[in-house]
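Residues per chain, in single letters:
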Amino acid sequence: MTDVPPATDSPRVGGESVVPPRNKLLLLEPRQFVPPAVVTIAVLILLVAGGFTTPGFLTADNALLIIRTTSLTGIAAIGMTFITLSGAFFSLSVEQTAIICAIVYALALSHGFGLLAALLVTAAVAVLVGAIQGGIVAAGINPIVTTLGAGAALYGLASVLSDNQLVKTGTSSASWIGQGKPLGVPTQSWAFILLWIASVVVLKKTGFGRRVMLVGANPDAAQASGISVGFVKFSAFVISAGAAGIVAVFITSQFEQASVLQFGDINIDAIAAVLVGGTALQGGEGSTTRTVLGALFIALLGNYMLLQNYGYGVRLLVTGVMVTGATSLFHVLRTRSQ
Amino acid sequence: MRAPTAEPYLKVRGLSRRYGNVIALRDADFEVRLGEVMALLGENGAGKSTLVKVLAGLVAPDKGVISIAGNEVRLDSPARSREAGIAVVQQELSLVPSLSVAENLFLGGGPFSGAWSRRRLVRHAQPFLRLVGLEHVDPASPVELLAVAERQLTEIARLLARDARVLILDEPTAALSDVEITRIKRVVRALADEGRAVIYVTHRLGEVFEIADRVTVLRNGSGVPPIEVKDLTIDSLVEQMLGRRLEQMFPPHGNATGDVLLRLEEVETEGLHEPISLTLRSGEMLGLAGQLGSGAEFLLRALAGRQPFTSGDVEVGGTKLRLHSVRHAIRAGIAYCSGDRKRDGLFAIRSVSENLSAPAVKRVTQGGWIMRRREAELVRSLAGFFRVDPARLPHTVKTLSGGNQQKIALGKWMSIEPRILLVEEPTMGVDVGARAEIYAHLRRLADDGLGVIFTSSDLPEVMGLSDTIATFFRGRLIHQAAAGTMTEEEVLRDVTHPAEMQSGVAS
Numbered sequence: 001m002t003d004v005p006p007a008t009d010s011p012r013v014g015g016e017s018v019v020p021p022r023n024k025l026l027l028l029e030p031r032q033f034v035p036p037a038v039v040t041i042a043v044l045i046l047l048v049a050g051g052f053t054t055p056g057f058l059t060a061d062n063a064l065l066i067i068r069t070t071s072l073t074g075i076a077a078i079g080m081t082f083i084t085l086s087g088a089f090f091s092l093s094v095e096q097t098a099i100i101c102a103i104v105y106a107l108a109l110s111h112g113f114g115l116l117a118a119l120l121v122t123a124a125v126a127v128l129v130g131a132i133q134g135g136i137v138a139a140g141i142n143p144i145v146t147t148l149g150a151g152a153a154l155y156g157l158a159s160v161l162s163d164n165q166l167v168k169t170g171t172s173s174a175s176w177i178g179q180g181k182p183l184g185v186p187t188q189s190w191a192f193i194l195l196w197i198a199s200v201v202v203l204k205k206t207g208f209g210r211r212v213m214l215v216g217a218n219p220d221a222a223q224a225s226g227i228s229v230g231f232v233k234f235s236a237f238v239i240s241a242g243a244a245g246i247v248a249v250f251i252t253s254q255f256e257q258a259s260v261l262q263f264g265d266i267n268i269d270a271i272a273a274v275l276v277g278g279t280a281l282q283g284g285e286g287s288t289t290r291t292v293l294g295a296l297f298i299a300l301l302g303n304y305m306l307l308q309n310y311g312y313g314v315r316l317l318v319t320g321v322m323v324t325g326a327t328s329l330f331h332v333l334r335t336r337s338q
Numbered sequence: 339m340r341a342p343t344a345e346p347y348l349k350v351r352g353l354s355r356r357y358g359n360v361i362a363l364r365d366a367d368f369e370v371r372l373g374e375v376m377a378l379l380g381e382n383g384a385g386k387s388t389l390v391k392v393l394a395g396l397v398a399p400d401k402g403v404i405s406i407a408g409n410e411v412r413l414d415s416p417a418r419s420r421e422a423g424i425a426v427v428q429q430e431l432s433l434v435p436s437l438s439v440a441e442n443l444f445l446g447g448g449p450f451s452g453a454w455s456r457r458r459l460v461r462h463a464q465p466f467l468r469l470v471g472l473e474h475v476d477p478a479s480p481v482e483l484l485a486v487a488e489r490q491l492t493e494i495a496r497l498l499a500r501d502a503r504v505l506i507l508d509e510p511t512a513a514l515s516d517v518e519i520t521r522i523k524r525v526v527r528a529l530a531d532e533g534r535a536v537i538y539v540t541h542r543l544g545e546v547f548e549i550a551d552r553v554t555v556l557r558n559g560s561g562v563p564p565i566e567v568k569d570l571t572i573d574s575l576v577e578q579m580l581g582r583r584l585e586q587m588f589p590p591h592g593n594a595t596g597d598v599l600l601r602l603e604e605v606e607t608e609g610l611h612e613p614i615s616l617t618l619r620s621g622e623m624l625g626l627a628g629q630l631g632s633g634a635e636f637l638l639r640a641l642a643g644r645q646p647f648t649s650g651d652v653e654v655g656g657t658k659l660r661l662h663s664v665r666h667a668i669r670a671g672i673a674y675c676s677g678d679r680k681r682d683g684l685f686a687i688r689s690v691s692e693n694l695s696a697p698a699v700k701r702v703t704q705g706g707w708i709m710r711r712r713e714a715e716l717v718r719s720l721a722g723f724f725r726v727d728p729a730r731l732p733h734t735v736k737t738l739s740g741g742n743q744q745k746i747a748l749g750k751w752m753s754i755e756p757r758i759l760l761v762e763e764p765t766m767g768v769d770v771g772a773r774a775e776i777y778a779h780l781r782r783l784a785d786d787g788l789g790v791i792f793t794s795s796d797l798p799e800v801m802g803l804s805d806t807i808a809t810f811f812r813g814r815l816i817h818q819a820a821a822g823t824m825t826e827e828e829v830l831r832d833v834t835h836p837a838e839m840q841s842g843v844a845s
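If you read the sequences in order, they're chains A and B.
Each residue of the first sequence is one higher than the one before, counting from 1 in the numbering used here.
Each residue of the second sequence is one higher than the one before, counting from 339 in the numbering used here.
Derived by calculation from the structure, the hints in this document are not laboratory data.
Only a predicted model underlies this, so the values are computations on that prediction, with no experimental measurement involved.
Possibly wrong hints are sitting among the right ones.
Partner residues aside, some chain A positions facing chain B, computed with beta carbon under 10 Å [as the list claims (entries may be wrong)]:
(1) 163
(2) 209
(3) 223
(4) 228
(5) 282
(6) 284
(7) 313
(8) 315
(9) 319
Quick list of the computed label-pair ranges, beta carbon to beta carbon [what the hints assert, rightly or not]:
(10) A:140 - B:831: 41 to 47 Å
(11) B:657 - A:135: 56 to 62 Å
(12) B:436 - A:166: 54 to 60 Å
(13) A:198 - B:662: 53 to 59 Å
(14) A:41 - B:398: 30 to 36 Å
(15) A:115 - B:660: 48 to 54 Å
(16) B:412 - A:54: 52 to 58 Å
(17) B:603 - A:117: 56 to 62 Å
(18) B:407 - A:41: 50 to 56 Å
Here are the simulated DSS-like cross-link-like pairs (lysine-lysine), alpha carbons at most 27 Å apart as the crow flies [stated by the list, open to error]:
(19) B:568 - B:523
(20) B:680 - B:700
(21) A:205 - B:736
(22) B:523 - A:204
(23) A:205 - B:568
(24) B:700 - A:204
(25) B:736 - A:204
Note that the Cβ used here is the ideal one computed from N, Cα and C, for glycine as well.
Let the hints inform the model, and build the full structure from the sequences given.
Laid out in structure tokens, this is it:
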């Protein structure tokens, strides 16, 4: 038996709809526009409230800082979004992937590799790390467990490689990558914007993007339609690891050194950006644009709390609550609209 | 045997309920007497489920009066409904698989208090099990060991243990095979004859004539006065449901004289107990008749590349093929529409368009890019062919009715321009109006030169739709013959207890 008839399911004979939709807006279902609307409003509220209550919040310097923070979290989160959309939940090893990439990159530079060679080696490591995890997940192993284990292993490996020391790059040839500001905008932010646009194009306009959404929406149906579910998930993990590698290169270049302690809370921040943005935890619904909004929100909130002199503990607490809260809210919205 | 009391026991007058702009029930009347089986019929969206939910106390009506034995009652919670003696057997069974039959029976409070000892439970359970014809079941065995029909009966026994006077069965036979259905029907009839009022919701019109005393047909949220079953024929019943004559449920048969599309020589696959040989011609509708687990579905799955053939030859269009994977099958022009569209047929949260083009993502991309125009044309032409309202294309599939969903699940396969279409249970969970439409679509596809193979446990469907019928029983092909040469009784005998089990292929 059907459930409560949704408003769009009018009585009908033989597939003919008796009540045609009146306009384009009615074609959108709440689940399609509510999450991005919620996070956009939240960002605006935060901007206005922060501007009135916090001196130094709406200044050019602070804006630049926020943009830079958003950018790095955002790049990692864009990569993560592919994993979530494909129905593999999350990677809990983005941070550790970034760490191993950073160490390798710094070691390469310090051992006299040219910039290009160092970048290529780092890219190869990122792809390899993503491919191993993606391959395991594609074989049907739970992604959370896989990446949790991989994360620990990568962290250990990075510690061994770096001997738990700071690795100085020993050269300033790469510094422009992390410190440059073409047209007044930090390189990180250029990369963020370009990757955002690229990810939107990939997801909306390419066959691969379509497959990601279909696999996330229903892997069994995707398999039955001849789509290689394993390849799609594998690719999502490679993309995510690649994004982590980009973050690593930016941070290492900026500080001219790498260490295993350099990457703060990228995992939770990226997951928070994806979920607060309103991409469905189950996959198959969402976008990287939502993630960008989510990352902006997380960065604004973190910056606001920093300026209000909240400690690290409070900030982490609030981020955690946001993740759980947003996930619950959107979950309720989705089940209501069924 | 059918002498129900004349006075209605449960009476519903002027019931209305709207959801937003959708009117689910409009001034509907309904009644049921003690001692009778009242069939409740109607197309999807006619208001059946809303009426059931109101009676179950799950949905509050906007207006209307419900009375039981002449006294007005308010059923504003499931508990109230239960106190009033109403019990609903849901489609989704609510038994706890790991608990014993007896424990399940008295879950949520039995008719006795005090400590639960295994012996007491078993002793109390037995009479209820006997009522539903489960005397052979050990009350101490876990529910998960029971067959689906037995679980369904346990569910009914559980409601009887609560002393329900009004039983509502919501499509109790939807997931069952013919033999199991017979058992359920016998029990339902016996319960009514014992003096209970039974409301029987179903899509299978045949059942109405077998067990119901009267019928209430809901149409667009309103009920017509109950009709005595003895005054009805299948045709008049269909007419009542649709509000118009259904010219014919089944399209005219085709003539299976085209080229041979598919030849199976002594193929074996897991689930089949004997090698099978079959041919399928262009334009032919081959119906594989069999109950759930008869093996016919395994043959389809192997053809779809979902499980391997362990031996034998498969020829598609004269070329020997090995169908290693779903993608091989798709490349060979074989489309497979599974019987469980929710599980692996549809992407519920994606749009109708994306669902329709899903098997053809490769066809609508060029150098990795999706060709918007090409995809839109493809999707529009499919929607046109299957009469899906183009305004629905951007909607998510989950907002569609069962019949429309089935059309999408089927229609998406036309995007790969298949030569062979495999369909498992083509009209499961589809109401009568959309059912005729799906039959017509399948026939049109066959007329366009496709070879269609479908499995079905619904006998009239096999008889009405097939050009050739192949009967299956326990992993063996029993008999294969042109549709006109087999009677319904012969097919039924083959799929339930074939006389000669040794016979392989006769054509």
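So, going through the hints one by one against the coordinates:
1. 163: This hint is violated: residue 163 of chain A lies away from chain B, its Cβ roughly 44 Å from the closest one there, beyond 10 Å.
2. 209: It holds, given that the least Cβ distance between residue 209 of chain A and chain B is near 8 Å, below 10 Å.
3. 223: Holds. Min distance 6 Å.
4. 228: 8 Å, holds
5. 282: 8 Å, holds
6. 284: With Cβ-Cβ at 6 Å, under 10 Å, it holds.
7. 313: Because about 38 Å separates residue 313 of chain A from the closest Cβ in chain B, which is outside the 10 Å limit, the hint is violated.
8. 315: With a minimum Cβ separation of about 34 Å from chain B (threshold 10 Å), the hint on residue 315 of chain A is violated.
9. 319: Since the shortest Cβ distance to chain B is 27 Å, the answer is violated.
10. A:140 - B:831: 41 to 47 Å: At 43 Å between Cβs, range holds.
11. B:657 - A:135: 56 to 62 Å: About 34 Å separates the Cβ atoms of residue 657 of chain B and residue 135 of chain A, which means 56 to 62 Å is violated.
12. B:436 - A:166: 54 to 60 Å: 56 Å, holds
13. A:198 - B:662: 53 to 59 Å: 35 Å, violated
14. A:41 - B:398: 30 to 36 Å: 33 Å, holds
15. A:115 - B:660: 48 to 54 Å: 51 Å, holds
16. B:412 - A:54: 52 to 58 Å: The hint (52 to 58 Å, Cβ to Cβ) holds, given that residue 412 of chain B and residue 54 of chain A are roughly 55 Å apart.
17. B:603 - A:117: 56 to 62 Å: 60 Å, holds
18. B:407 - A:41: 50 to 56 Å: Once the Cβ atoms are compared, 55 Å apart, the range 50 to 56 Å for residue 41 of chain A and residue 407 of chain B holds.
19. B:568 - B:523: Holds: residue 568 of chain B and residue 523 of chain B sit about 18 Å apart, inside 27 Å.
20. B:680 - B:700: Holds, at roughly 23 Å.
21. A:205 - B:736: 24 Å, holds
22. B:523 - A:204: With Cα atoms ~52 Å apart, residue 523 of chain B and residue 204 of chain A exceed 27 Å; violated.
23. A:205 - B:568: This hinted pair is violated, its Cα atoms lying about 60 Å apart.
24. B:700 - A:204: 15 Å, holds
25. B:736 - A:204: OK: residue 736 of chain B and residue 204 of chain A at ~21 Å, within 27 Å.
In this structure, the hints that do not hold are numbers 1, 7, 8, 9, 11, 13, 22 and 23, in rising order.
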